[in-house]
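Engineer: Spelled out, the chains give:
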Amino acid sequence: MEKGPAKVTVKELKTPSLHAKDLEVAVGRLALEEEWEPMGPTPMPSITTLRQWDHKLLNRYKPFYAPFCDLCCLCTFGKCDLTKGKRGACGLDIKTQTARIILVACCIGAATHTAHARHMLHYLLEKYGPDYPIDMGTEIEVEAPHIRLVTGIKPKTLGDLEHVLNYCEEQIVHCLAATHTGQEGSFLDYESKALHVSMIDHVAMEVADIEQIVAFGFPKGDRDTPLTDIGLGIVADTTKPVILLIGHNVCSAIELVDYMRKVGVGEPGDTIEVVGICCTAHDITRYTNRAKIIGPISYQVKFLRTGVADVAMVDEQCIRTNIVDIAASVKTPVIAVSEKACYGLPDMTNEPEDKIVEALVSGQLKGALVLDLEKAAAVAAKVAVRVAPLRKKYKIIPSEEEIAKMAAKCTYCGTCSRACVNNLPVSDAVNAAKKGDISKLAALHDACVGCLRCESACPQGIPILSLIEAAARKQVMTEKFKVRVGRGPVLDTEIREVGSPIVLGEIPGVVAYVGCANYPGAGRDVGEMAYEFAKRGYIVVATGCSAMSIAEYRDEEGRSPYEVFPGVFDRGGLLNIGSCVANAHITGAAIKIANIFARRKLRANYEEIADYVLHRVGACGVAWGAMSQKAASIATGCNRLGIPVIVGPHGSKYRRLYLGRVEDEESFKVYDARTGKKVYIGPAPEHLIMVCETKEECMVWTAKLCIRPNDTTKGRMIKLTHYIDLYKRFYGKLPDDLPLLVRTEADIPITYKDEVMEFLQSKGWKPAETPAIDPTLLERLIRARG
Amino acid sequence: MSLLTPRASPWQWGNVPGPTMAMCPDNPPKVYATMIKRAKNPLLIVGSLVLEVQLGGKLLLDYAMEIAKRGNCTLIATAHTYKAFLERNFPAVPMTLVDIVNRLQDPNFTANPEKKPPHDLVLFLGIRYEFASQGLATLKHFAPHLRTMTLCKWYHPNASWSFPNVKDDEWQKLLDELIQALS
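Those sequence lines, one after another, are chains B and G. Residue numbers for the first sequence follow the numbering used here, beginning at 1 and rising by one. Residue numbers for the second sequence follow the numbering used here, beginning at 787 and rising by one.
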């Protein structure tokens, strides 16, 4: 691999023609990569290297488009009307334009994680140097499955990660360039590029999480990470200063905790509370579980308006863009620390600490941009201590008595309901509150995503979200749950133990609940689904906002799912993997199954590994509240690797799905690698990315999308047991597609034997001719030609 | 006919797709009934709200059954609604919304083997607003052989024909009148 640049520093050099001091010579990059495995066929693939693989996938899982906008507004030819088969001035039709927008979204997602990793790496290289070792602990040998698989690099130091990011950045630029007017003109090729850049996204996420694991000492796949508090009501003692962290880049939060330790104010919670929202919250609890998690992205405004936070320190991604004004409404100063999100704040980076503190405490500034993280941390702590007694937890959530007064201005025009993301009956609730009934307002709390579109639209200026939170005050105050701290990667040792039962189907599947909090209903629905699958013996993994929302579900005994199920990657485990960037460990686990358990070559061998995962690893992602462009690229990256994904109903606004059609039997044929014959495998899995409308529908499809052609009869029987069981519970009968999924009589679950057999016979079912095959879409893997 | 009046502007303010938006007839029940009766292979797709919404003490599901029966529509039960139809012994086809919409792009597809393809008229009822809107967008662009019609209380710009934005009491009246007109 490329390595370097190697540097030589010369204190003083004297020659007849030259006299130089402190001379540093960089000698470029050296090829120093050890041959840890023979290089595979596709090291550092370009944007077309894996195009054939993409087209194989897209032949079975054809892009399905639901345009979100009928126009193209991207160049000055436009706006172009693309309805009724019309093409725009550049020649694109609506299908291709929609695919183009998907690619833009995936580029944004991949760029965001890559830039996150890059920013963090800058910080860490300065702090620890390029030779800082990547040590993922004794139970992880394959430290970076994505990096190894895609780039062929086995990273050993932080410096090695620079080369990986260089490659990622180049690919993102190429993919984004393809969306320029007059470039790509085929929807399939746009999709191939979306798949490519989304694969890059997973590499970048892996870089980011490895960086923080090794540099900050986060858990390295610990099976039993501690539980920590989560919920809107967790800050019971509001007499202490409270610092709120929002975002995804944990570096500033780490500096804060280190500063607090250094100056003797102790751990979070001792004298100053440190609480977080979104992924920075996950990651700071990976550093110290004395920090607390308020909740997902949707809690930003809800929590800020309670007035509990004395300072808000915001880093990057998924932060409300008018955060400064929201915080100012409760006199909470904001400290922004990322170049990517400056919010128009004055750059105080080079000002003396005390001057910044003074400006924020006095209210002279609503917020400050402080790009020196050490300084930002010190300022945050000092401001919190000084501002807390002054603010006296100033809040703008009204009392119950004030609700009716504020609601009295409502003219019942309905504008708020029409602005609501979730189509909630906001107008009815405000109108009822006007008459003294606040129960309808309180009922909105769970499904309200806190976007403030209702307030923004209200012609009377009613602070609707504040009314909702006031009405739900009793519930909010008791919202205290337990979440397991993010554990990081799945261990190689765990993969060795469960690789076989997963691939053979005896562990019925790995279900990943990931993504944002734009849920169609209550966040705890994710917990209900996770609980159901963990109870059934699936391995359930979670990240980001979804990992938080799982905690909000309570079983009959009042326990959070994390208190019920162990954090091990094994049957019935429920694992909080970590923040968004930790998603790479979920897909990384699938890669490791192919590599560690099945001994498939890993190095630069993407197609073969993806082919293995698609046909053998019964995994399914669920992004129930997917909102961001990052979620688009994460999901599309899963798809290229052969992992199907279900999104919630808002996910339909991503505009594109990859759907199979069971009637098209030809598309569900693969090679049997043993004979070279083409064999029908049934719809396993039927779709690569789809939308479900309700949690019940989602649960049925989750079980179904874990079915793989490689399942043994015992494995298929187990998987069908769960599929049939859930289908019967929610649909009241046997699934119609059983004849396509039962290959032989031995596949039929014993508990449903007679019923299923009778059903199959009524459908004219016949056993498959070749039930046991070695499935592949890659001709080069055929061992003997038939 | 009217376009972009307060009653016939996209229910969610921002959901303005472009220059082609749904027609909203002045007397929807009468116009709808005529079109449904004229259709050769009409399809009614229902979503999760048929299990949740009550109008005048009657479940939206009951309206769906009456419309399907009187309009001679094949009923597609999406989400987890199928069980409720099964319990009422009402013929329905269970399918996800994306699966049925995907197939409806194909003029050779019919969900009812007793009728010849294509489905020439597709009705939507009780599907979450944003999800229905996206399904309708697919059909608007990629299923030129059929027309779509929405029966919910929201104006759906991506449909061919839509009910206007109405409150529950007027919605109930519209549905009752439609059922009456189909008789």
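It is worth saying that the hints were derived from the structure and are not from the lab. Watch out, some of these pointers could steer you wrong.
What the hints assert, rightly or not - Cut-off 27 Å, straight-line C-alpha distance, at most; resulting in silico cross-link-like pairs (DSSO-like, lysine-lysine):
no., chain 1, residue 1, chain 2, residue 2
1, G, K855, B, K435
2, B, K733, G, K823
3, G, K939, B, K763
4, G, K901, G, K823
5, B, K62, G, K902
6, B, K440, G, K953
7, G, K902, B, K84
Stated by the list, open to error - Some chain G residues near chain B, calculated using beta-carbon distances under 8 Å:
no., residue
8, L883
9, N898
10, R914
Glycine residues also receive a C-beta, built at the ideal position from the N, C-alpha and C atoms.
Engineer: For each hint, tell me whether it holds in the structure or not.
Structural biologist: Against the structure, the hints:
1. K855(G) - K435(B): With Cα atoms ~42 Å apart, K855(G) and K435(B) exceed 27 Å; violated.
2. K733(B) - K823(G): violated, 32 Å
3. K939(G) - K763(B): violated, 40 Å
4. K901(G) - K823(G): With Cα atoms ~15 Å apart, K901(G) and K823(G) stay inside 27 Å; holds.
5. K62(B) - K902(G): holds, 25 Å
6. K440(B) - K953(G): holds, 17 Å
7. K902(G) - K84(B): Within the cut-off at roughly 25 Å; holds.
8. L883: It holds, given that the least Cβ distance between L883(G) and chain B is near 6 Å, below 8 Å.
9. N898: Where the cut-off is 8 Å and the nearest Cβ of chain B is about 15 Å from N898(G), the hint is violated.
10. R914: holds, 5 Å
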